[in-house]
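Residue numbers (the working numbering), protein chains in the order written: chain A, 202 to 378; chain B, 202 to 378; chain C, 202 to 378; chain D, 202 to 378; chain E, 202 to 378; chain F, 202 to 378.
Incorrect hints may appear among the rest.
Same chains, same names: a pair is fine if it fits in one copy or spans any two.
What the hints assert, rightly or not - Listed next, the in silico DSS-like pairs over lysine-lysine satisfying Cα-Cα at most 27 Å (straight line):
#1 K364 to K231
#2 K204 to K300
#3 K361 to K300
#4 K266 to K231
#5 K231 to K370
#6 K204 to K266
#7 K364 to K223
#8 K266 to K364
#9 K370 to K204
#10 K300 to K370
#11 K300 to K364
Rather than coming from a laboratory, the hints here were simulated on the basis of the structure.
Since this is a predicted model, take the numbers as computed values, not measurements.
6 protein chains.
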Amino acid sequence: MTKWRRGAYIGKFQPFHNGHLKCVEYILTKVDELIIILGSAQYSHSLNNPFTAGERIEMIRLALKEANIPHDRYIIVPVPDTNGVHSEWVARVLSYSPKFDVVFSNEPLTRRLFIEAGFNVQNIPFFNRTILSATEVRRRMIDDENWEELVPPAVASYIKSIKGVERLKSLTIKDKL
Amino acid sequence: MTKWRRGAYIGKFQPFHNGHLKCVEYILTKVDELIIILGSAQYSHSLNNPFTAGERIEMIRLALKEANIPHDRYIIVPVPDTNGVHSEWVARVLSYSPKFDVVFSNEPLTRRLFIEAGFNVQNIPFFNRTILSATEVRRRMIDDENWEELVPPAVASYIKSIKGVERLKSLTIKDKL
Amino acid sequence: MTKWRRGAYIGKFQPFHNGHLKCVEYILTKVDELIIILGSAQYSHSLNNPFTAGERIEMIRLALKEANIPHDRYIIVPVPDTNGVHSEWVARVLSYSPKFDVVFSNEPLTRRLFIEAGFNVQNIPFFNRTILSATEVRRRMIDDENWEELVPPAVASYIKSIKGVERLKSLTIKDKL
Amino acid sequence: MTKWRRGAYIGKFQPFHNGHLKCVEYILTKVDELIIILGSAQYSHSLNNPFTAGERIEMIRLALKEANIPHDRYIIVPVPDTNGVHSEWVARVLSYSPKFDVVFSNEPLTRRLFIEAGFNVQNIPFFNRTILSATEVRRRMIDDENWEELVPPAVASYIKSIKGVERLKSLTIKDKL
Amino acid sequence: MTKWRRGAYIGKFQPFHNGHLKCVEYILTKVDELIIILGSAQYSHSLNNPFTAGERIEMIRLALKEANIPHDRYIIVPVPDTNGVHSEWVARVLSYSPKFDVVFSNEPLTRRLFIEAGFNVQNIPFFNRTILSATEVRRRMIDDENWEELVPPAVASYIKSIKGVERLKSLTIKDKL
Amino acid sequence: MTKWRRGAYIGKFQPFHNGHLKCVEYILTKVDELIIILGSAQYSHSLNNPFTAGERIEMIRLALKEANIPHDRYIIVPVPDTNGVHSEWVARVLSYSPKFDVVFSNEPLTRRLFIEAGFNVQNIPFFNRTILSATEVRRRMIDDENWEELVPPAVASYIKSIKGVERLKSLTIKDKL
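Please build the complete structure, drawing on both the sequences and the hints.
Structure below.
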């Protein structure tokens, strides 16, 4: 089995859910050290990006601790995106992040950009079910459905402690005065 | 009755209409001095943001003069937005604006951001009817309906003097060559 | 017949197609020298803007060479857009481009901004058919239809050499993990 | 004597001092209405730009009130600068500001840019003495000399109320750990 | 003795040297968890900022591992600076970083901005000697003096592995053709 | 002798002088096609960067025509710089420019960045004399010395036609009111 020294896993984690956790656990069987690239780091307080980078770092650390993943096996690196200038995004990631040997991603644009830059890009095999999506988690939060079952318990509890659902709901109210 | 020294009223004013004027008059019963924060100051010449900050300052001054509101009771402060980086927007407003004690707004994101920053945020009680919206004013301009009745006479006359309706209509034409 | 020394033709050219080529040929009957302003130069790798500025420069040069238009009759100038700050866009074009006497465009916002800045703006008379649009070329690329007939042969061949259709298709795949 | 409807007076006002006040009084003999363009609006908390735009607006209003200049004779417009992209700066000022007929400035770059844009640019005749400069005011603040005599009393008192000298001094301390 | 849950330590770490390490060790006696804010994250390849954020993260992790500081006692957060817009910098740090209770810094601007924002800001008591500065480390690198004694062995060895001294020296050569 | 298909020559050309022309002629003996990357494209109207990108494009075209270099042997590509974010600059150049096989430059930062990105970077052998520098040309313009002898006649004549020396001199006047 191929084993790399360092792999990068790239996502927005709005919020970090059970699917993300399974990906992390899977990639850690393939690499010695995992770099979690937290993309769109500058955005928060919108329906698609409710949480700040700092809040997302907190979530990931809590979830990985709960899953007994040691701190020395992963590095979290927040990276602001390039406002749609995709041709500069790989260079930005490479500048913010320690070096890595392989990229894990199912996201088409990420895959395309790293492939064109000559990187080894691996698919993550199977956790991509409809229900395990951050979009679905946010929808359930807004619609008062059971979102907690989709995220690690430590993340659910953290989101409650910062009144994250209240924030998300408050952003859905329309006002056009 | 509570009375504050200074209140901030935040909007885009694309264009300034009768609902905005009523809000200003209401807030002026609550505060000594009103700071009108003119948001998204950098945008113009689009369907949602047709007028420049300079044109909107002009409109507001004309409307408030017509309504006999003395110049020394308000300050207009144009503030460029932060391109979706909402977590920095309150800091930007505080940097561009003289200090204020209370924020008046019905807009959910504005309310949320100032509440999280620890501000006293007040609702504006009643003028938020469907018909009194900038969206409706712009729709009527495009559809050749009576938009003038929705804005103060001085604003209608100013918009005509700068051929504002012509500008807005010209932006609705599609071309995809 | 009016004849100007220099005219500017403004577009995004995503990609450069037969309609664009006809426009170039038409304008060259009206001006001694043509400046081709390649707008939104910073964008690439998205469904609406798949190609980099460099790739678009390459396409235009190849197409114009194939059409026997001499290199000394045109200048290609890539210009990054102003992220929606339309009021600064004319100033940006004027700064990046050699001087010109007339603007050729059917695009409403371009026309409006140059007209307000006092420029002579001319329509391009007739090539604006539904089928000759960059949107249609990109749609056919994605749907495996005949897109090659809509672009000059040299452009079709160049796009194939850089695997442009593969890039565009890869960006249509959805992933929301 | 020439009299214009509206003139623009452009400066950074770090801080607003007696020389600025004399300029304002001079220009008001030449125009009906004065637009005070407060440049480099985004900068503060540095040795050259210690005060925020909001603080500078406050200073100017206090100084002009003290000098019995009515509020309806002037408009203060903060404008962020263009990070060294000088070719776009006039367009930005024109977008943020209500229209004006003439520009008053002794600053070479400002004069050059507005002259090249076709504006009527007037010198301000005589108040430009070494001692009446914002640089000198800031130097005296740092060196514990009499800076108060260089600014209107209302400005001195405002700067004290916000502990402006303490802020400026704190920024002069070097630390290179 | 006061003990806080989380403290932030803010620096550029160009490169991370023995003085930084002593600061980290000192602060860890005062807090349960340390957040290392890596400022000016976007800059590299200049005389004052030779190393990328990714390289600086690598250095800090190697040095702290060598010093037997457990991974779960610190979090490294790279934060891009605000291009001189100091009034927005605290908001940016708060957005990128998990929450903290106290800031440790001897840098005047950092101290000033966090104090004005209402934070508890602590001095770091004694390691601020001339010789232990990143400026001195870079000077010695350029002048072929003993820079290695100023940094932790793991950092020296990492910098050599990426040919950091060669990079720095190459940037000192002048060319003005 | 090695001969490449396409080489990039990178400079600011403030203004284009005889040394630049010799470089172009030299590189054209080594490559079939030359891409002239006009860096810092967004800057103008300062002492170090007096001319706009458009004006610099004009100079280069006039000089190369005068030197009988055919239009089909070179491509001029203006590229805005990345505001000091050097790690993204190579990606930006690659995005704006058609592809090239080799970079010609004596400028240390340019060389370093392209070398780290894996490019073939060649020195330009001999034209780098003190007198043939853009800095010297600008100094002579300001000091009323013979700058014309340092630039191609067509460039001298163009700079006079746009009153370039007058612009540069006007920017040297100090005003600190």
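Exercise. In ascending order, which of the hints set out earlier in this document are inconsistent with the structure?
Worked result: Hints 1, 5 and 9 not satisfied by this model.
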